[in-house]
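Line by line, the protein sequences give chains A and B. All residue numbers for the first sequence refer to our numbering, where the first residue is 1 and numbers rise by one. All residue numbers for the second sequence refer to our numbering, where the first residue is 1 and numbers rise by one.
If you're looking for bench data, these hints aren't it; they were derived computationally from the structure. Among the hints, erroneous ones may be present.
Unchecked claim - Chain A stretches covered by chain B per the calculated footprint, using a threshold of three residues with CB under 8 angstroms from any CB of chain B:
| # | region |
| --- | --- |
| 1 | 12-22 |
| 2 | 201-212 |
| 3 | 285-294 |
Note that beta-carbon positions come from the ideal geometry of N, C-alpha and C, so glycine has one too.
Okay, here's what each chain looks like letter by letter:
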Amino acid sequence: MSYKMPMGPYHPALEEPYKLEMICEGETVCEAKLHIGFNFRGIEHLAETRNHIQVIALMERVCGICSNIHTLTLCQAMEELTGLQPPPRALYIRVVMAELERLHSHVLWAGIAAKLMGFKTMFMECFALREKVMDVLQAISGNRVNYSMNRIGGVNRDISDSWSILVMVESLEREILDTIVPIFTTSRTAQSRCAGIGILSHEKAVSCGVVGPTARASGVPQDLRRDAPYAAYSEMKFNVPVEEAGDVRARLLVRALEMIESCSILHQALAKMPTGPIHTGDAKIAFSAGTAVSRVEAPRGEVVYSVAWKENSRNPARVHVRTPTYVTMPAIRWMVVGSRLADTPLIQASIDPCYSCTDR
Amino acid sequence: MSVTDEQTSVLDEVSRELGIENRWVEHGRVSWLATDKLKVREVAFAMKARAARFVTITATELPGTEGFLLEYLWDLKGRLLGFPFHVTDNSIESIYDICEASDWIEREIHEGYALEIVGREYEPLLLRARDKPGVNLREGVK
């Protein structure tokens, strides 16, 4: 006899509210439906009532983890509409912030995944490391969550002492290489809890249009940093880790390997950072009418901003945000089918869902 | 980001396949193909045949009684392709049966602007369950 089992909207396994409604036979999930909207804030509508400075502060609050990525994507779109090209140093600083944010996001996710695996020691390790990543972000921006780094035509704060930041990054890298990566790639706990569960096939990943580490763990080799480079990524050398298995372990491995690549990019960006101004100045900004689309490889995958401006308008006519979780989350219903009920918290967490991003 | 020769030839192939003589216009990091002759489902079939990835649909309400602008974005080998559709009769055909990835954004547009997405099963609202379509973004709906 089948029965209905809801997970959420408020559940210990969920970082934020959403609802996974499962039809089960015994311990096996046969069918699943998703319900979102519990964090809906009407941010796209609100953006139409904000000017070009206020809208940056607003969009920084779409997501608490990748706040920098949202302003970067928005500013890139607005730079298209204003014709302003950020100076080279600003582009490097944007890369540094984006990679630190990726490290922060992946370490946070690893901690939550460890908690859901029942691996409490690892959870503590990850959250201790996350603090250190946030310390670096704070050293650069003065902030730990909403960094206020991006502006139209560049960045707000310089990295005055690249070498001291580099030393902090090297310390992070050592901890990641010595602790996080070995445990996640070799420990029996991670192996037994993650291997073979929550499989998203390559075909289904393509069909659902999933992005980011979830796509790369299903053998879809896409990464905007390489495929459509922005900021200073065209000047960085890095690998795009891809796994074929499509299970939770593959998502774990992809993120672990991405942390190593992020450290490599941080090294390059900090060592090669050009001198010069960090923004184009404070002259009055003029927007041309039309639509500009910008996209960035956030920690969870592709973020897309479509920004439309009318002639002589103070405010955007439309700001549409397509976040990575918005396209990755629908795939959860395919991942959980056939799995054990007890595995579903970890499976749904394996896409690193951001519910606030999704609802906006 | 400039368009490479390879990308240009692919874009030309796409417009030929769609029977469109108009040129692609590069604007705001997107290659746009804008013409009234485009059919949303034909575009979806052409994109799917080339293994393009569906990205999103941006809906914008136009002033007065001009209707809506729906901009479909696809990623073809790292290049964003844009297909704008001017909707005047409050409805557009669904591409959900061709492209599974369009599911949630079609539902969101129906919810946000009360546009009818024709040819797909009607589903409950995505973001504001038990509210009425159009309440989020359409002018005049409260």
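Evaluated hints:
1. 12-22: violated (count 0)
2. 201-212: holds (count 4)
3. 285-294: holds (count 5)
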